[in-house]
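Colleague: Construct the complete structure from the given sequences, taking the supplied hints into account.
2 protein chains.
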Amino acid sequence: MTRIALDAMGGDRAPQETVKGAVDAAAGGVEVVLVGDEARLRPLLRESGADLPVVHAPEQIGMGEDVSRAIRDKKRASISVAARLVAEGEADGLVSAGSTGATVAAGAILVGRAPGVSRPALAAVFPLGHPTVVLDIGANLEVRPEHLVQFGVMGSVLAQVYLGVEDPAVGLLNVGEEEGKGRPLEKESFALLAAAPLRFAGNVEGRDLGRGAADVFVTDGFSGNVLLKGVEGTVSAMSRLVLAALSEDDPALQAALPVVLPRLAVLRESLDPDTHGGAHLLGTRGTVVVAHGSASRVAVANALRLASAGAERGLVARVAEGLARV
Amino acid sequence: MTRIALDAMGGDRAPQETVKGAVDAAAGGVEVVLVGDEARLRPLLRESGADLPVVHAPEQIGMGEDVSRAIRDKKRASISVAARLVAEGEADGLVSAGSTGATVAAGAILVGRAPGVSRPALAAVFPLGHPTVVLDIGANLEVRPEHLVQFGVMGSVLAQVYLGVEDPAVGLLNVGEEEGKGRPLEKESFALLAAAPLRFAGNVEGRDLGRGAADVFVTDGFSGNVLLKGVEGTVSAMSRLVLAALSEDDPALQAALPVVLPRLAVLRESLDPDTHGGAHLLGTRGTVVVAHGSASRVAVANALRLASAGAERGLVARVAEGLARV
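Sequences listed follow chains G and U, in order. If you're matching positions, the first sequence starts at 0 in numbering that gives the first Met the number 0 and goes up one per residue. If you're matching positions, the second sequence starts at 0 in numbering that gives the first Met the number 0 and goes up one per residue.
Treat each hint with caution, since some may be false.
Each pair may be met inside one copy or between any two copies, as identical chains are not told apart.
Claimed, not checked - Mimicking DSSO-like on lysine-lysine, the simulated pairs with C-alpha atoms at most 27 Å apart in a straight line are:
1) K186 to K74
2) K180 to K74
3) K180 to K73
4) K19 to K74
I should point out that these hints are in silico values taken from the structure, not numbers from a laboratory.
Modeller: Laid out in structure tokens, this is it:
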């Protein structure tokens, strides 16, 4: 049994949706401890009829703040208190739907880096067709080639632990498939990745997403963030365009919609960030999951399940083992 | 009347599809000159029943070659000869579906940079909802802040000339909307763009594509390439997933498809790169359009029309005017 600390005050819809999500996850067997303003959390818990432990944390970190400073200064902020629970062994993992920057800083500074890790990295699973782990998606906007090798190892562990891929293939995100493409970063990383203890699949491009060219794409945090948001934007835009294409005032079309739209809704849901729970901060001494800022009850519960599964399957230890071989 | 030189040997489907595309464009009023191996082009022209001028160019630049060197050494390569026709005033513009690197090098080196341009940049129009010009998508993998300002000015001219937007809004592609986000490149560029003679809309993200947050997104060529290919990959993946979601063996669903699929096919076509002709190399002394490597007859014809329209509307002169104000 593993215990997950939830930053119950983080996110646009906190604390209402975070408490509900925690209650749902707890009902499904996840051991959750809520961290936040006790005076606000207790009544919500009473309403829900559930009894979950609460650790009081009266402060919050705002969206505009310098996060590294805020993490150090605001010792009673909910994200800081949750991270210290992990650092002190009171919890095995941490979930927050608050500011990504604050969660990354809390993970790196307060939970602390796992042995051998230079840079903790944010990894997301892209659910388009063949599921693909992409990292970094924003924790480190500029990186060196040796960081990309570590990202490859950490991403491989994530693909093993969560996607069940035995020997994941790692691709280097680039502007073309041929060796020799890219910036100096990609050219140097190519050689290092080819020599690293992982299955290197060479260069990959955004158009390979979901096609199984690789299970893991590694890149710097700027490019990964651009890719992630470009994919999200395209999924939203295409969903709108598909509905618009089917909204014509033609009786035959209108008659067809009741059988067509439910199928498209299922697809849309499978591509929804809420369904997937969130991004993983890899390379810290505890499982850290960053949920979407707009996370609903469902998304919070999924993020808690994800963190719990990561902790139970030894994600942190396996990342450390992997990096020890580099 | 403007005259466009077509690299008839460039592209996976050349010269068959390039000749057919040229014949179609010429039938629609575009003045085209074919550049390539006369012995191969003449019979194809005879087959098509059309009579277009041919300039003989027996060499080609292969995919693996160092393009800057090849452009200088292979003076009789089709792309080099086509570029020299523009440089010498024999043509107003150039279209190639061959190697993007070779076309960019031919544009920058042989056609030559327009007055005031530091770095010619590749611009694409993203057709998702609100059409958006994105540059650079791969000509300059690493750039300085002053280059992004030039890209903003050049992209604005493209949006005016092709999209009919009177006063285009220019966004800086970044990892968040707030000022202060990003790498040093974005932080420094933000201030320069805010002071530049263009309508600066602040930071934008990939998820803003198609939503009208800006008409032009500026970024370095690596990030722009990642965004472009991520969007292309997502459009393909979602098209496959939508068809799969509707392929179930349910009689009611099967009965609905004849009225639904044609609408989705129209949408798919509107998002197809072939429909849009290609990317523009901005900042050279002639209109240069890079068509997709897999360009079909339709795509080649569209690229020729695009180049012809750019030349007729004075794209090159207007870019130079815009840059003179920076």
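Colleague: All the hints need checking, so say for each whether the structure fits it.
Modeller: Hint check results:
For the identical chains of this complex, K186 and K74 are neighbours neither inside a copy (42 Å) nor across copies (29 Å), given an alpha-carbon limit of 27 Å. In this homomeric assembly, K180 and K74 come within 27 Å of each other (Cα to Cα) only across copies, at 25 Å, whereas the closest approach inside a single copy is 46 Å. In this homomeric assembly, K180 and K73 come within 27 Å of each other (Cα to Cα) only across copies, at 22 Å, whereas the closest approach inside a single copy is 45 Å. Proximity of K19 to K74 under the C-alpha cut-off of 27 Å is restricted to the intra-copy arrangement: shortest distance 26 Å within a copy versus 70 Å between copies.
Checked against the numbered hints above, the structure breaks only hint 1 and satisfies the rest.
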